[in-house]
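A.B. asks: Here are the chains, one letter per residue:
There are 2 protein chains.
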Amino acid sequence: MLAKVYVTLKEGVLDPQGSAIQHSVELMGIEGNSAIRQGKYFEIAFNEDVSREEASSTAERIAKDVLANPVIEDYRVELVTSK
Amino acid sequence: MLAKVYVTLKEGVLDPQGSAIQHSVELMGIEGNSAIRQGKYFEIAFNEDVSREEASSTAERIAKDVLANPVIEDYRVELVTSK
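Just so you know, the sequences run in chain order A and B. Taken in order, the first sequence gives residues 1127 to 1209; the numbers are from my numbering. Taken in order, the second sequence gives residues 1127 to 1209; the numbers are from my numbering.
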């Protein structure tokens, strides 16, 4: 069982790293895109004997308490059976 | 049109940041997960007048040339019509 956690900045929170990437892309002459925002992505691998419910609640807890800062970031947890 | 780009370390590449998170999680007494790996996540917003094909090739180029290091990282591009 694998949990995929996506952490993104909330709407309205400034993203200087994303802006810097967008600026680089423009300097390279690539056109058509208007904005790039950076987020984080995590894969949590669970032991074989962990049930789907346990994995879901554990992944949710890890995302909330460790991976994301709920003040400025949103997170989304997705469970997949195999890698 | 929005492109989502997922960048992950290739199998076998050491991930000290992921290991540090895993260690913290263990110290917090959370059990059942065996490994955490960290990756990156980007959202590229395209202008309205850009076709799906253009968006796809531009996102692919940005991912390959700017966002990922192909020596140690894999990337995956996903196009979504609305946010």
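Check the hints yourself; a few may be wrong.
[What the hints assert, rightly or not] Label-pair ranges, simulated between beta-carbon atoms:
1. B/Asn1173 - A/Glu1180: 39 to 49 Å
2. B/Asp1191 - A/Glu1174: 31 to 41 Å
3. A/Glu1180 - B/Ser1183: 15 to 25 Å
4. A/Pro1196 - B/Val1206: 36 to 46 Å
[Stated by the list, open to error] Pairs of lysine-lysine, DSSO-like flavour, derived with a Cα cap of 30 Å:
5. B/Lys1166 - A/Lys1190
6. A/Lys1190 - A/Lys1136
7. B/Lys1190 - A/Lys1136
8. B/Lys1136 - A/Lys1130
9. B/Lys1166 - B/Lys1130
10. A/Lys1190 - B/Lys1130
Since the hints were derived computationally from the structure, they do not count as laboratory data. Quantities reported herein were computed from a predicted structural model and do not represent experimental measurements. Where is the CB? At the ideal position from N, CA and C, for every residue including glycine.
A.B. asks: Each of the hints needs a verdict: does it hold here or not?
C.D. replies: Do the hints match the structure? See the list:
no. : hint                              : result
1   : B/Asn1173 - A/Glu1180: 39 to 49 Å : holds (44 Å)
2   : B/Asp1191 - A/Glu1174: 31 to 41 Å : holds (39 Å)
3   : A/Glu1180 - B/Ser1183: 15 to 25 Å : violated (42 Å)
4   : A/Pro1196 - B/Val1206: 36 to 46 Å : violated (24 Å)
5   : B/Lys1166 - A/Lys1190             : holds (18 Å)
6   : A/Lys1190 - A/Lys1136             : holds (14 Å)
7   : B/Lys1190 - A/Lys1136             : holds (26 Å)
8   : B/Lys1136 - A/Lys1130             : holds (16 Å)
9   : B/Lys1166 - B/Lys1130             : holds (11 Å)
10  : A/Lys1190 - B/Lys1130             : holds (22 Å)
Going through the hint list in order, the structure does not satisfy hints 3, 4.
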